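J.: Start from the sequences, fold in the hints, and give me the full structure.
2 protein chains.
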Amino acid sequence: MIGKLIEFPHVSEDDGGLTYMEGKKEIPFEIKRCFYIYNVPENERRANHASVTTDFVLIAMNGSVCVELNTGKEKTIYTLTNRNCGLYVPKNTWMVTRDFTPDAVLLVLASTDYKSGKYMDDYQEFLKQGGSR
Amino acid sequence: MIGKLIEFPHVSEDDGGLTYMEGKKEIPFEIKRCFYIYNVPENERRANHASVTTDFVLIAMNGSVCVELNTGKEKTIYTLTNRNCGLYVPKNTWMVTRDFTPDAVLLVLASTDYKSGKYMDDYQEFLKQGGSR
Numbered sequence: 277m278i279g280k281l282i283e284f285p286h287v288s289e290d291d292g293g294l295t296y297m298e299g300k301k302e303i304p305f306e307i308k309r310c311f312y313i314y315n316v317p318e319n320e321r322r323a324n325h326a327s328v329t330t331d332f333v334l335i336a337m338n339g340s341v342c343v344e345l346n347t348g349k350e351k352t353i354y355t356l357t358n359r360n361c362g363l364y365v366p367k368n369t370w371m372v373t374r375d376f377t378p379d380a381v382l383l384v385l386a387s388t389d390y391k392s393g394k395y396m397d398d399y400q401e402f403l404k405q406g407g408s409r
Numbered sequence: 277m278i279g280k281l282i283e284f285p286h287v288s289e290d291d292g293g294l295t296y297m298e299g300k301k302e303i304p305f306e307i308k309r310c311f312y313i314y315n316v317p318e319n320e321r322r323a324n325h326a327s328v329t330t331d332f333v334l335i336a337m338n339g340s341v342c343v344e345l346n347t348g349k350e351k352t353i354y355t356l357t358n359r360n361c362g363l364y365v366p367k368n369t370w371m372v373t374r375d376f377t378p379d380a381v382l383l384v385l386a387s388t389d390y391k392s393g394k395y396m397d398d399y400q401e402f403l404k405q406g407g408s409r
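For the protein sequence lines, the chains are A and B, in the order given. Take any residue in the first sequence, count from 1 to its spot, add 276: that is its number in this note's numbering. Take any residue in the second sequence, count from 1 to its spot, add 276: that is its number in this note's numbering.
Source of the hints: derived by calculation from the structure; they are not laboratory data. Honestly, I wouldn't trust all of these hints.
For identical chains, the list gives no copy identity; a pair is met inside one copy or between any two copies.
To be verified - Simulated crosslink set (DSBU-like; lysine-lysine; CA at most 30 Å straight-line): (1) 404 x 349; (2) 367 x 351; (3) 301 x 367; (4) 301 x 394.
Since the model is a prediction, treat every value here as computed from it, not as a measurement.
T.: Right, here's the structure in full:
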């Protein structure tokens with residue numbers, strides 16, 4: 277099993293729902309950066325790389341998204357459909373996101389700023405280097 | 277004018293949209309905590325308090341939300357409809373969120389963890405203490 281689902285604390289009351297999380301608590305790192313991905317056409321794939329430096333937590337804030345994680349030896353596929361759950365993706369994991377529903381908004385919390393982040397986007401090279409260690 | 281709109285860097289390409297932000301950069305503080313609010317019934321108001329300790333950035337990740345900021349002397353009303361824009365709300369600002377569309381998801385980035393946060397939820401007391409300084 278690659279990656280790890282985190283259930284966030286949440287309350288649902290008559291006046292709405294609230295989900296919350298803190299860096300170094302529910303999120304296993306300090307939140308240095310956020311980004312989100314949306315309006316992804318059907319059949320389009322995003323990511324398709326491994327980060328050498330950065331851990332992520334992915335949350336489907338709206339709609340649903342499929343996330344494929346791959347160490348080079350093992351693959352795990354998640355379908356994120358619930359904004360109360362995040363998927364922790366440790367560094368050196370090959371990641372593909374796909375099957376975005378038209379209304380999907382994927383929030384990503386990252387452990388490094390963009391400048392410190394380093395990506396590997398050649399899958400053969402990723403395998404050659406032994407994938408996830 | 278109370279609060280400040282921040283336009284986030286974003287790219288829109290054939291394979292989807294991406295919006296990004298970093299703590300201490302686009303976000304004027306370190307991101308210690310995130311929470312999001314959703315499924316808020318029409319005519320319901322949320323927040324209706326001032327944080328004594330915490331700065332926020334509010335982002336309508338989906339749908340739209342109206343945010344009323346109040347220093348006790350001056351009021352500014354924003355309608356957040358664009359996920360490429362965040363609303364910076366400094367501490368000691370009375371805040372009401374309302375008019376959530378049924379599909380609205382309001383993401384809030386916060387400058388403190390929950391334990392360090394302190395709220396004032398008596399508006400008369402807020403005024404008595406002089407509102408925002």
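J.: Using 30 Å as the alpha-carbon threshold, which applies to residue 301 and residue 367: within, between, both, or neither?
T.: both (18 Å within a copy, 23 Å between copies)
J.: From the Cα coordinates, with 30 Å as the cut-off, is the pair residue 301 and residue 394 best called within, between, both, or neither?
T.: both (25 Å within a copy, 19 Å between copies)
J.: With identical chains, the pair residue 367 and residue 351 could be close in the same copy or across copies; at 30 Å between alpha carbons, which is it: within, between, both, or neither?
T.: This pair counts as within: shortest intra-copy Cα distance 15 Å, inter-copy 45 Å.
J.: At most 30 Å between C-alpha atoms: does residue 404 with residue 349 qualify within a copy, between copies, both, or neither?
T.: The answer is within: 12 Å in one copy meets 30 Å, while 64 Å across copies does not.
Every hint, counting from the list given before, is met by this structure.
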